[in-house]
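**Q** Assemble chains P, S and C onto chain L, guided by the hints.
Protein chains: 4
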Amino acid sequence: MEREHNLIPGDKLWKRFLYRIIYRADTKLGKLFDITLLSLILVSTFIIMMESVPKLDKKYHVYFIISEWIISVIFTAEYWARIAVLKNKKNYIFSFFGIIDFLSLVPFYLSFFFPVTKYFLIFRMLRMLRVFRVFNLLDFMNDGTVILRALKNSSRKIYIFLLFLIIFSVIVGSLMFMVEGGRPGFETIPQSIYWAVVTVTTVGYGDVSPITPTGKFFAVILMLAGYSIIAVPTGIVTAEMRNKRQNLELICDRCGNEDIDDDARYCKQCGKKLA
Amino acid sequence: MEREHNLIPGDKLWKRFLYRIIYRADTKLGKLFDITLLSLILVSTFIIMMESVPKLDKKYHVYFIISEWIISVIFTAEYWARIAVLKNKKNYIFSFFGIIDFLSLVPFYLSFFFPVTKYFLIFRMLRMLRVFRVFNLLDFMNDGTVILRALKNSSRKIYIFLLFLIIFSVIVGSLMFMVEGGRPGFETIPQSIYWAVVTVTTVGYGDVSPITPTGKFFAVILMLAGYSIIAVPTGIVTAEMRNKRQNLELICDRCGNEDIDDDARYCKQCGKKLA
Amino acid sequence: MEREHNLIPGDKLWKRFLYRIIYRADTKLGKLFDITLLSLILVSTFIIMMESVPKLDKKYHVYFIISEWIISVIFTAEYWARIAVLKNKKNYIFSFFGIIDFLSLVPFYLSFFFPVTKYFLIFRMLRMLRVFRVFNLLDFMNDGTVILRALKNSSRKIYIFLLFLIIFSVIVGSLMFMVEGGRPGFETIPQSIYWAVVTVTTVGYGDVSPITPTGKFFAVILMLAGYSIIAVPTGIVTAEMRNKRQNLELICDRCGNEDIDDDARYCKQCGKKLA
Amino acid sequence: MEREHNLIPGDKLWKRFLYRIIYRADTKLGKLFDITLLSLILVSTFIIMMESVPKLDKKYHVYFIISEWIISVIFTAEYWARIAVLKNKKNYIFSFFGIIDFLSLVPFYLSFFFPVTKYFLIFRMLRMLRVFRVFNLLDFMNDGTVILRALKNSSRKIYIFLLFLIIFSVIVGSLMFMVEGGRPGFETIPQSIYWAVVTVTTVGYGDVSPITPTGKFFAVILMLAGYSIIAVPTGIVTAEMRNKRQNLELICDRCGNEDIDDDARYCKQCGKKLA
Chain L
1 MEREHNLIPG DKLWKRFLYR IIYRADTKLG KLFDITLLSL ILVSTFIIMM
51 ESVPKLDKKY HVYFIISEWI ISVIFTAEYW ARIAVLKNKK NYIFSFFGII
101 DFLSLVPFYL SFFFPVTKYF LIFRMLRMLR VFRVFNLLDF MNDGTVILRA
151 LKNSSRKIYI FLLFLIIFSV IVGSLMFMVE GGRPGFETIP QSIYWAVVTV
201 TTVGYGDVSP ITPTGKFFAV ILMLAGYSII AVPTGIVTAE MRNKRQNLEL
251 ICDRCGNEDI DDDARYCKQC GKKLA
Chain P
1 MEREHNLIPG DKLWKRFLYR IIYRADTKLG KLFDITLLSL ILVSTFIIMM
51 ESVPKLDKKY HVYFIISEWI ISVIFTAEYW ARIAVLKNKK NYIFSFFGII
101 DFLSLVPFYL SFFFPVTKYF LIFRMLRMLR VFRVFNLLDF MNDGTVILRA
151 LKNSSRKIYI FLLFLIIFSV IVGSLMFMVE GGRPGFETIP QSIYWAVVTV
201 TTVGYGDVSP ITPTGKFFAV ILMLAGYSII AVPTGIVTAE MRNKRQNLEL
251 ICDRCGNEDI DDDARYCKQC GKKLA
Chain S
1 MEREHNLIPG DKLWKRFLYR IIYRADTKLG KLFDITLLSL ILVSTFIIMM
51 ESVPKLDKKY HVYFIISEWI ISVIFTAEYW ARIAVLKNKK NYIFSFFGII
101 DFLSLVPFYL SFFFPVTKYF LIFRMLRMLR VFRVFNLLDF MNDGTVILRA
151 LKNSSRKIYI FLLFLIIFSV IVGSLMFMVE GGRPGFETIP QSIYWAVVTV
201 TTVGYGDVSP ITPTGKFFAV ILMLAGYSII AVPTGIVTAE MRNKRQNLEL
251 ICDRCGNEDI DDDARYCKQC GKKLA
Chain C
1 MEREHNLIPG DKLWKRFLYR IIYRADTKLG KLFDITLLSL ILVSTFIIMM
51 ESVPKLDKKY HVYFIISEWI ISVIFTAEYW ARIAVLKNKK NYIFSFFGII
101 DFLSLVPFYL SFFFPVTKYF LIFRMLRMLR VFRVFNLLDF MNDGTVILRA
151 LKNSSRKIYI FLLFLIIFSV IVGSLMFMVE GGRPGFETIP QSIYWAVVTV
201 TTVGYGDVSP ITPTGKFFAV ILMLAGYSII AVPTGIVTAE MRNKRQNLEL
251 ICDRCGNEDI DDDARYCKQC GKKLA
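Residue numbers (the UniProt record's numbering), protein chains in the order written: chain L, 1 to 275; chain P, 1 to 275; chain S, 1 to 275; chain C, 1 to 275.
Because the hints were derived from the structure by calculation, they are not lab data. Note that this is a predicted model, so its numbers are computed, not measured. It is possible that some hints are incorrect.
[Claimed, not checked] As a list, the in silico SDA-like pairs of lysine to any residue whose alpha-carbon atoms are at most 25 Å apart:
1) K152(C) <-> L151(S)
2) K31(L) <-> I93(L)
3) K59(P) <-> G182(L)
4) K59(P) <-> P213(C)
[As the list claims (entries may be wrong)] Taking CB as the label site, the calculated pair distances span:
5) P213(S) <-> K31(P): 55 to 61 Å
6) A84(L) <-> T145(P): 50 to 56 Å
7) K12(P) <-> L148(L): 53 to 59 Å
8) F64(P) <-> G181(S): 52 to 58 Å
9) A84(C) <-> V131(L): 45 to 51 Å
10) W69(P) <-> V131(L): 55 to 61 Å
The beta carbon of each residue, even a glycine, is placed where N, CA and C say it ideally should be.
Okay, chain L solo, but in the shape it has when bound (with noise of 0.2 Å):
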């Protein structure tokens, strides 16, 4: 995920000694200071859930605000260090990596003057995605990548489905408002749209559900649309899915056969071998 051939080492020694420790995995200390930031990231986005906790936070509040400092001041430390002992900063800096470390630093130092910023410590939970680095979990790197890449590709179809389904839910809330017109939950019509969104996507809290025959009436159809439309997202995601199954580049060049998958090394149908 960290585009590591992107990172160059300083030239001093001690830069790249910390170099090795911090950006490689392949060491035994590197592999432990990995572990170790891990760790800390577990433990502080564990206390800061606790801190929410008023029960917790009245009994171990001195403890909670010890072990904040003293783990934002090794983030500090480690955030400088990661800068510090790179020739080309900036390409950290800025990297999806650089920007969440960078992130993870503000909210403590924000929270002296807006204390309420305090909770989105949180985000330190992102840094969690590097674990697949840590342990050196290639295979289900390229898993996460091929997700990944699932839904970019199809990001453009869900981007329309969600459009329909907001222009769908604004409708529906709308009409729905003027059937159940002011009975409790579908008093205006953003709250019509509320439940119409809570029922379209068969969350079905239930804070708001019709009481009219009409509006009941109403529901039944709206939920068994729902129920169709939830086909379509699945349907796209997986058609996307299947795709990255085969190599798209590769034809066999005597039969010109294009369904060739990804760990071919034979066309499977006339036997020639692939390039």
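**A** Same frame as chain L, now just chains P, S and C:
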């Protein structure tokens, strides 16, 4: 989406000029016109929503009314202009967007006589679908077409599926009426059918839920059935979507067959070698 | 759906005449007969539903009873006629529709002795499935057959899936009983299993929901599992549905290509005319 | 499922005789033995469920205890016999069913000391999976294997998906905590995460639902996201399931490649012509 090749500008110069602005998005003025229109639609939708909120309506009632008047007058003028500049007026009037443009005006004038119809103005949102044309989002339009075609091609199967589902829900609801007979939410057969649909589509509001052990046992079976049934529409649309892996640009120039798979080298209808 | 080639009209002239009206939809009278029948079924279903609404029943009780009598007498006559005009009576009596026609009469006569059975009349709705034959909706029937065949072919896999799901729900429910032990909705193991099914199928009524933090944690895991499990029946049916697209028996005898669509007349790989 | 070729009966005659009854379903006695066993498992599961219902337990407590004793003694004897008749005892003891058989006994004996563990006896239900062997349901076993293999092959992708989903839920839950801060159901971050999971998996109990307009707006976005996300696991499993269209019986006899598509004529790994 608008089959523009069917629309021919009138002869007079000002008609040709207006035609360019209204129906074409490739000039600066044309683009500006379209973006203004989209913004007005969004503003109009937003106002209708806000108007339905009593608190806001009390405060800003006059402003809401005025903006609605202004926007509706503009839309009326635009609708008139759209027709005026064309030679072949019928093509537009009875086209998909022609009808929507008309319908988005009607509720405003109707609301003088029947105030409740005002909220039908929300149908204006459908005009938003023009968004793809404005931003020249050809790829998006293609994807949208793929989705719509897949839905259209599988619509027959989905109708059958819905017919089965409705018959199934009616029967299950009636059985449940006999089981839970008279308990709250199961007082009548239509109400029990409402519950059956809420359950089988996995919406599950919870406004009605089985109370007796027998009823719960029955509901469990229904839920397990619904969980398996959901696979059917998904399967239908997915299978149809997969089929769209066809080469959409190829047409056999001997027999006109358009159903050509991506990996085909010969037309499967007449046997002609494809280019 | 009715294997009509198995039904042979009797010898007498009036039998041949009635046979045409009842079993054929290609004459004017035959079509009229079928449409009348469908309307009566719809009316009958509607009446049964309305009868279950106390308010309406009080008001129109006599009318409901009378129309029920009339419709049931007509259906009885029709059932008798269907048998009378045939030579090979058994084929009809034990066919799918023969049984449904019979079952749609029984509850009426049973209801003299056991009033509650009256509501079983709703099964009459199944007779609606004849709709496809009446309107000569051959394409619809084919599509219906495709769906049914896909379901039938994957039924074995779905049974296994359901067995797993039931065992899974029983175990999860029991574990939850130990966690939430005795709290409302988790008083007994069967009730906890009910909750487990409601959760894993994503219905989520909310009549029972976890209360303790441990219970909520547990429920979260179950929901995530259910969210992944839903993919299984979908995958099964989709895979099966896709298969129905190809002619599974045809192989091109020139190039051996087996990937031949049902509607292909030439091999898409080598251009050979298919037999 | 039980790799029986690994189980070799002991030398003595009675061992060979018992081996046949216990491990083989192809003799009359063997079948009888298996069916008795399945019935006992069902009865045992049923009793444990009923025992948890206070009303029934009060009434039939003694009968429940006695039958539990009897069944557990039989199961213990059976477990001992299963081991005794084998030469290679380890293979069974550490096999899937060996472990389940053992685990289904432990809670009974443990419950003398820790009464609560009694309900773990419900795990006995897992022994039911033997059902396929008993009825010689080979086709069912094959189908089950196909499902399990598809799940296993896509497990890595599903783990990644779950990791994303968990991180996503934690972040969304925390944001919602800041939005709805302190309102019922959103008192702490863990509770808000619980809500996020309930929503994104479309379970939607409704025990917690957004109250403020901002919260509702936020929830709508989450629901629409969840509605699209559900397509991912489905896409994964479906794609995997489709792959199982491979010829499961063919193995390349030159290179041992087992990944052979149904339509392949040459091994795609070594280019050998397939028979």
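**Q** Now tell me, hint by hint, if it's right for this structure.
**A** A quick look at each hint next to the structure:
Taken as a hint, the K152(C) and L151(S) pair is honoured in the structure, with Cα atoms around 24 Å apart against an allowance of 25 Å. Distance hint between K31(L) and I93(L) is fulfilled; the C-alpha atoms sit about 22 Å from each other, no more than 25 Å. Restraint check for K59(P) and G182(L): satisfied, since their Cα atoms lie roughly 19 Å apart, inside the 25 Å limit. Only pairs whose Cα atoms come within 25 Å are accepted, and K59(P) paired with P213(C) is accepted, the gap being roughly 19 Å.
The given range of 55 to 61 Å is respected by P213(S) and K31(P), whose C-beta atoms sit roughly 56 Å from each other. For the pair A84(L) and T145(P), the supplied restraint of 50 to 56 Å holds, since their beta-carbon distance comes to about 53 Å. Between K12(P) and L148(L) the beta carbon distance is about 55 Å. The supplied range of 53 to 59 Å therefore holds. For F64(P) and G181(S), the Cβ-Cβ distance of about 56 Å falls inside the hinted range of 52 to 58 Å, so the restraint holds.
Between A84(C) and V131(L), the C-beta spacing of about 47 Å keeps the proposed range 45 to 51 Å intact. Taking 55 to 61 Å as the suggested C-beta distance range, the pair W69(P) and V131(L) conforms, at roughly 59 Å.
Hint check: no violations occur; every hint is consistent with the structure.
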